[in-house]
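*Asks:* Here the structure of chain A is known, so what remains is to put chain B in place on it, guided by the hints.
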Amino acid sequence: MMFGSINSSGAIIDVTKHGEASDILLPNQIERVQKVAVDIGGSLAKVVYLTSGPRSQGGRLHFAAFETDNVEKCVAFIRTLLDTDNTEEPVIMATGGGAHRFRDLLNKELGVEIRVEDEMESLTAGLNFLIREVADEVFTYSEDRPMQFVDAAADMFPYMLVNIGSGVSILKVTGEDEFERISGTSLGGGTLWGLLNLLTGVRSFDAMLEMTKTGDNAKVDMMVGDIYGTNYGRIGLKASNIASSMGGVYRKTLDKHFDDSDIARSLLYMVSNNIGQIAYLNAQLHGIRHIYFGGYFIRGHPLTMHTLSYAINFWSKGEMRALFLRHEGFLGATGAFFIGERMKTVTPALELAPDVTADAKDAEPLKRRARAYSFTENFSIAGAIADDAIGSLGMLDREPSKLEPLPQLVNTAAHPYTPDTVDLTHEPRQQEYWISAMERNTNGLLDLADSGALPGCEDPESRQRLSRFVSLYLKHLHRLRDRPLAYGAMSVRALLGLREQCLHEVGLEDIFAGVKQHETQAALDALPMLLRETDAMDKDKKPHVLLQNVLAGNMFDWGATALRGALAEGSLDLDKARDQITWRPEFDNGTDFVKRIRTHQYKHAVVFVDNSGADVCLGVLPFVRFLLQRGTRVVLAANSRPALNDVTERELIDIVRRAGLIDSAFQTNLLSVCGTGSSGPCLDMRKLDARLVQATRTVDLVVIVGMGRAIHSNYFARFTCDSLKLAVFKNQMAADAAHAQIYDALCKYEQR
Amino acid sequence: MESSSDKNMGVPDEHPLVSFIRNRTLHKGKSLPDGWKSTVFSRPGKDSKEHMFRALIIPTSDIEQLMASVETQKSHASGKIRLAATGGGAHKYKDELERRLNVQLIIVKELEATVHGLLVDSEQSVETQMLLCNVGTGVSLATVDKQGEVERVSGSGIGGATFWGLVKRLTQFSNFNEAIVAAHKAGVLGKADTLVEDIYGRETSKEIGLAPDLVAGFLGKLDSDNLTDADISAALLRMFASNLGQLAVFQARLLGVSAVWFAGGFVQSASSEDNAAEIIQNAIAEAMSFWSAGRLQAQFPRNAALLGAMGAIHVTINQER
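Protein chains in written order, with the working numbering: chain A, 8 to 759; chain B, 86 to 406.
Looking at chain A on its own, in the form it has when it is part of the complex (with noise of 0.2 Å):
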């Protein structure tokens, strides 16, 4: 049976479509292919694979899809992928119907072993894997409301999964491999293709989507309001409810004119309020109130996703919701990725992350290795599964640790954390604004490399790839320009990380290492003498001047446009930018703090650290110092991989030894330095390195540092110990967000 033509070639990856970049944007070019899995459904064939190599060294998962009907396109692909040579094992894990029936021309076209899975049992594998690590994933969907993302993670179990491709499977899930079919209806997919393929002649599943969009389903069908005139309010009934879909084509007496499109329309919304129906009345029975809806048929159609939206709510008046899959299409593929993973006895290619939580390690069964790390979703290069689909796939990159949540981190029912202080997605203003502060920024780095602002990006080599990542970005931007749901909701954390991203994409791994040398040097050689000076101050005084002197230091920032210039001249005059500061009450209350470390000693204290130079020097060190001397250990946190100018775990490890041989007070053990697992320059607490986090665990002092951590991100988070945020209101937007003014200072101390 043929579905429709989806992008066919290569698939997934339209950025490659568009001719753009491809010369960098070959996954299997320099990247060593590790495994792969195909899931060959009725319509289409989905490939997850997965790579690693300089950009990716955890690993990083693909995904490709293909018309089944081009069955030879998938394998070819798949070949190509085998053969760059270092394929480690020459197992395929498939599942779907056609994975039986084209096992033989697998085996016999690549040569390898064809490893069969159960398709349901890869669904429910792929589906708990997608919850649980990719950010965003799950969301809602109506008309006045599209994409609300949904954080599923915490309360996965039970679930109800409906799968929609020819036909209609539901699966019940209670648990990570607990599930079973508890029903179905073969009025599905295949039922609306044939149906609208007779009916108007049109082949392609697009296309059938593509029609329903301007039809007027009144036309066809029998509404409430042709039988009954007006609204028929006591059983519930309004006029412009469907009483018969497809009712009113042979009543002449409606005297209606109809066309192909009105007929799509009728047929869809026939097809999806009857799974709706009856996947509500299976919820139901079973108790349950979360209700996924995947497959082929889906694919990101708006009204289609409308409509069972609807209907779930119509059904359950309210009680229950119909949730929705960035990745809907690739559950089984990825599933199957990961049950290969399991069943591996040697060298899995996704080995289990070094396990610092002691007590899980031996509690985690061989079978739950696939989750012993974490993912972050890369959308530098991003493709969709149809061409209208509503939201985006990027790569999933394995990071070197699991990441798991700040220890002290409040993340409740009551009090649900959020990274975001902002949410770009309801804020077209402020949208509007942040896109184009990144477009502005982006448009003016080659002229920033030219000026010899970015010593090491002078070369030829770096000089194209700037220009690469300049035009990558900008695409980007553009997209989000129209689609702002295209990856995941929109805050300044996901731009700045998507930014950092496509950097590290095009082979930048680092653009102000230079710059940020420089700095750091600058910043140490000022050091004893500020040390010096501060000590000389009054005991009262010197608490606030060094809390202060963290704001100050904050102001010399490469991020920030506006300090760009007295930074250019080298100057670190920590007295002259404290003073361009403002402290107001509603944002400071510094002195609460210093109040209650007169009589308080702070045992143990986690410092997040912001940008390296005179920030983290003359600003970070000094008061971490004073803590240290007051016997509090300290963890300086720092970004795991570069971003902006921010410090890096690496640098920050090298200024501390430095700072030891200026300042004794550095060289104890009291001190340590740790990754944050991140590496942008805002920080999701929910998502730190395992290692950082066994590192906090008896930590009653939480230190967050700069805008980007402190203000775009964190802003609103709450902690079950002390905390401070202290950052500097350096950009006009974030300030009028907060109803501050620029250079306002955040002093923000919270006592629990």
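Source of the hints: derived by calculation from the structure; they are not laboratory data.
Check the hints yourself; a few may be wrong.
In silico DSSO-like pairs for lysine-lysine, Cα to Cα no more than 27 Å straight-line [said to hold, decoys possible]:
| hint | chain 1 | residue 1 | chain 2 | residue 2 |
| --- | --- | --- | --- | --- |
| 1 | B | Lys-194 | A | Lys-324 |
| 2 | A | Lys-546 | A | Lys-583 |
| 3 | B | Lys-253 | B | Lys-276 |
| 4 | A | Lys-583 | A | Lys-610 |
| 5 | B | Lys-177 | B | Lys-194 |
| 6 | A | Lys-548 | A | Lys-583 |
| 7 | A | Lys-226 | B | Lys-165 |
| 8 | A | Lys-220 | B | Lys-253 |
| 9 | A | Lys-546 | A | Lys-602 |
| 10 | B | Lys-253 | A | Lys-226 |
| 11 | B | Lys-177 | B | Lys-165 |
| 12 | A | Lys-610 | A | Lys-482 |
| 13 | A | Lys-602 | A | Lys-548 |
| 14 | B | Lys-291 | A | Lys-115 |
| 15 | A | Lys-324 | B | Lys-231 |
| 16 | B | Lys-177 | B | Lys-131 |
| 17 | A | Lys-482 | A | Lys-548 |
| 18 | A | Lys-482 | A | Lys-549 |
Remember, predicted model here, so these are calculated numbers, not experimental data.
*Replies:* Chain B only, in chain A's frame:
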């Protein structure tokens, strides 16, 4: 759509409408206009006396003929009688019927009338928990509580008109019964559907324990070249009946009801010259049995076409008391 009980029997100045019906139902086999049918039967009433029903069934399009006949015999001796009425046409013809026939229409809501009609016809009380699937243009699923209150608990837009609308668009059949009978006689099931074997291949289906001829997707092979109209009609009927059965079984399980009745225009097809009704009822019964794994059976009323009229009378009389 209209009916009368034998309440007025024996009254000398009988209303002409009552006489009209009596005259045409007195003798079995009395010749009636084309498409007209008559039947007489009795059911126990609340007072446990047998109540006799005289029913005359005519096409709605002949209502003008009926009005014209009764109008001429208008007797001044009889007063205005009350006429229990239901169905979409009750509203449409209310004014005309009242003006021309010297009657006062008491309109009962269709679903309420049908449910109560079923109770009378099947000699059940409201104490018996049941689910009625009324399959007309669309589908309504209704229950009745112990106070006689009828509730539409669910419904579907995939109804009789959907089936017929699709048959009409996809085949050359000129009437409903023809399509049903042909589906039964000449339709080959599975030709128009995507079967398990179409997805997995015949051998693999067996290997993984699925019946190769199980339908995976209804109508998924409507693009096949060798389909006859009968094949298409058969596939549509099976899809429609299966969906109906599934909705009914799940709804019955939700309500904890074990008696599931089917009524409405689709179940009781208009003409009895062929076995269309039986074919449809068998299809529904099979679907019910499939979805309930044999635990629930589809039940069909004896006088399916008359439930609305019987119920309308029942409800109206109860209101009088």
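*Asks:* Between Lys-482/A and Lys-549/A, does the CA-CA distance stay at or below 27 Å?
*Replies:* Measuring from Cα to Cα gives roughly 49 Å; hence the hint is violated.
*Asks:* Can the restraint linking Lys-177/B and Lys-131/B be considered satisfied, given a maximum Cα separation of 27 Å?
*Replies:* Violated: Lys-177/B and Lys-131/B sit about 32 Å apart, past 27 Å.
*Asks:* With a cut-off of 27 Å on the C-alpha distance, tell me whether Lys-546/A and Lys-583/A pass.
*Replies:* holds, 23 Å
*Asks:* Sort out whether Lys-165/B lies within 27 Å of Lys-226/A, counting only the CA atoms.
*Replies:* Roughly 42 Å separates the two Cα atoms, so the pair is violated.
*Asks:* Given the proposed pairing of Lys-177/B with Lys-194/B, does the C-alpha separation stay at or below 27 Å?
*Replies:* Holds, at roughly 14 Å.
*Asks:* CA of Lys-177/B to CA of Lys-165/B, is that 27 Å or under?
*Replies:* holds, 20 Å
*Asks:* When you check the alpha-carbon spacing of Lys-220/A and Lys-253/B, does it fall within 27 Å?
*Replies:* Roughly 25 Å separates the two Cα atoms, so the pair holds.
*Asks:* Decide if the proposed pair is consistent with the structure: Lys-610/A and Lys-482/A, CA atoms, cutoff 27 Å inclusive.
*Replies:* violated, 48 Å
*Asks:* Does Lys-194/B pair with Lys-324/A here, judged by a C-alpha cut-off of 27 Å?
*Replies:* Answer holds: Lys-194/B to Lys-324/A is near 24 Å, not above 27 Å.
*Asks:* Would the hint linking Lys-583/A and Lys-610/A be met if the CA-CA limit is 27 Å?
*Replies:* violated, 33 Å
*Asks:* Mind checking the alpha carbons of Lys-253/B and Lys-276/B for me, to see if they're no more than 27 Å apart?
*Replies:* holds, 19 Å
*Asks:* Hey, Lys-482/A versus Lys-548/A, does the alpha-carbon distance stay inside 27 Å?
*Replies:* violated, 51 Å
When held up to the earlier numbered hints, the structure conflicts with 4, 7, 12, 16, 17 and 18 and fits the remainder.
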